[in-house]
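Starting from the known structure of chain A, arrange chain B on it as the hints suggest.
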Amino acid sequence: MSGAKKTPFYEKHVALNGKIIDYNGWFLPVQFPQGLVEEVHDTRKRATIFDVSHMGEIIVEGKDAEAYLQKILTNDVSRLKDNAIMYSPVCYPDGGVVDDILIYRINGNKYFLVVNAANTDKDYEWFKENQAGEVDLKNLSPQYAQIALQGPESEAILQQLTEVDLSQIKFYRFQADVAVAGVNCLVSRTGYTGENGFEVYCENEGAVALWDAVWEEGQKKELRPAGLGARDVLRLEASLPLYGHELSKDITPLQAGLQRFVALDKSAAFIGQEALKKQEQEGLPKKLYGLEMLERGVPRDNYPVKSGEREIGWISSGSYSPTLDKFIAMAFLEPGIAEQDQEVTVEIRKRFYRAKTTKLPFYRREK
Amino acid sequence: MKYNVIDGLKYTKQHEYARQEGNVAVVGLTDYAQDKLGEIVFVELPDVGAAVEAGKSAAVIESVKAVADLYAPVDGTVTEVNETLLDQPEVINQDPYGEGWVFKVEIKDESQLGELMDKPAYEDFIIKEEEEE
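Chains A and B, in that order, give the protein sequences. Under this note's numbering, residues 1 to 367 are what the first sequence spells out, in order. Under this note's numbering, residues 1 to 133 are what the second sequence spells out, in order.
Just chain A, with the same shape it has in the complex:
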């Protein structure tokens, strides 16, 4: 097989009969025997455990760390407090996206960045290329494992394994040096599913012990494993963007509806600022919409979307949604289209299927 890397949890996936694929150079389970649909339900109703060790981790450290991050991020990192997390696109000068990442502020001189697996090397190069001031960059990706524990029972499971009061770690907050089953971890209340849950990082050495402890404790709450397939559907239901679909070097964060994460007027200049300001003034050529099929048909990436005879855009992500029992998609369409209840058609193998626009997100958990 290919030269893909194994995460510390590889043997766990094999033992659980996961269907392993090569995902961006990592052997990871795409699904488990219960199937993708059940994995989605399990995540929404109880809890699931995901191996997300493929994600990249980069440390930015030095007295100019904040100024440097202000330059490469579109979001305003000066608003970030210690132990808080921020989501931000990273842009090219033309406003296209290098990656979308999480920034964990350990302190004003030290930040922990979590980047997409497929982009880790590219990001690291980009960060190096734009390095400025007194800043040190370290790519820690190969040394770190990561578990995502997602779903309403996540907190009850994880709390049994640590002395730290998890209720004090709010959404998009984290704590470093948390002993989970005796393993030193960084615990953050984040995720990519739209559910309450945690992402737990540790060094490779402790990873298996961490997994085993979470797994064993989790069985009291019927914890199940979930794979990349479910992860993709869960994030689509929650309308979270995926690089390569809703974001790319050819799509700006403004088009993807990420205005909240683009601080056009922050005090520091950032890469892509001028292009994004210009786009905001001139208007977007296409922007992201939600679609719901009115007839049975599976909307998939790159299928054309039409209004009458006219092509008005394309699907960026689409799937059957087990939670809603509907066929849903995100699509880039001409910005004149109404955000809700406008009928369009999706072209699937030369046939046209009716759909309507619908507000994003498709799914929002009840709090």
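Just so you know, these hints were derived from the structure itself, not from any lab. Any given hint might turn out to be false.
Simulated crosslink set (PhoX-like; lysine-lysine; CA at most 25 Å straight-line) [claimed, not checked]:
1. B:LYS119 <-> B:LYS36
2. A:LYS277 <-> A:LYS249
3. B:LYS56 <-> B:LYS119
4. A:LYS19 <-> B:LYS36
5. A:LYS326 <-> A:LYS350
6. A:LYS170 <-> A:LYS221
7. A:LYS5 <-> B:LYS119
8. A:LYS45 <-> A:LYS326
9. A:LYS359 <-> A:LYS326
10. A:LYS45 <-> A:LYS19
11. A:LYS45 <-> A:LYS12
12. A:LYS350 <-> B:LYS56
13. A:LYS306 <-> A:LYS326
14. A:LYS6 <-> A:LYS138
15. A:LYS266 <-> A:LYS71
16. B:LYS36 <-> A:LYS12
17. A:LYS306 <-> A:LYS359
18. B:LYS108 <-> A:LYS19
19. A:LYS12 <-> B:LYS2
20. A:LYS170 <-> A:LYS81
21. A:LYS249 <-> A:LYS278
22. B:LYS128 <-> A:LYS19
23. B:LYS13 <-> B:LYS108
24. B:LYS128 <-> B:LYS2
25. A:LYS249 <-> A:LYS286
26. A:LYS81 <-> A:LYS71
27. B:LYS36 <-> A:LYS6
28. A:LYS19 <-> B:LYS13
29. A:LYS359 <-> A:LYS286
30. A:LYS326 <-> B:LYS36
Here is chain B on its own, set in the frame of chain A:
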């Protein structure tokens, strides 16, 4: 064998089965194929009266993650399609050889069926395919 393979049916390398009933073949996806595809959510059927050709796509089966062609096992004319699948495609997962049949085709040349695999040959074929994965 983890997968259900039925005696008396003929099997293709693309994991369709054909059950001969007089001069008609009932065509569907094998248990192995439905398992590999996962939860089936959409089926596109051929038109009744359409001419299908052995080895050419005659229907489309979609699971949550994948789009798969269903190839006709023999040449012929479609005489009936399983319209239940339009609203309940998951029947293919539940009962691939029974209620989950996809279409029926009037057989033009019976010798084409003879070229397909029988149960032992198909079992060997999927064991090899599993090993290659």
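Can you list which hints this structure breaks, lowest number first? Numbers 7, 18 - these are the hints that the structure violates, sorted from lowest upward.
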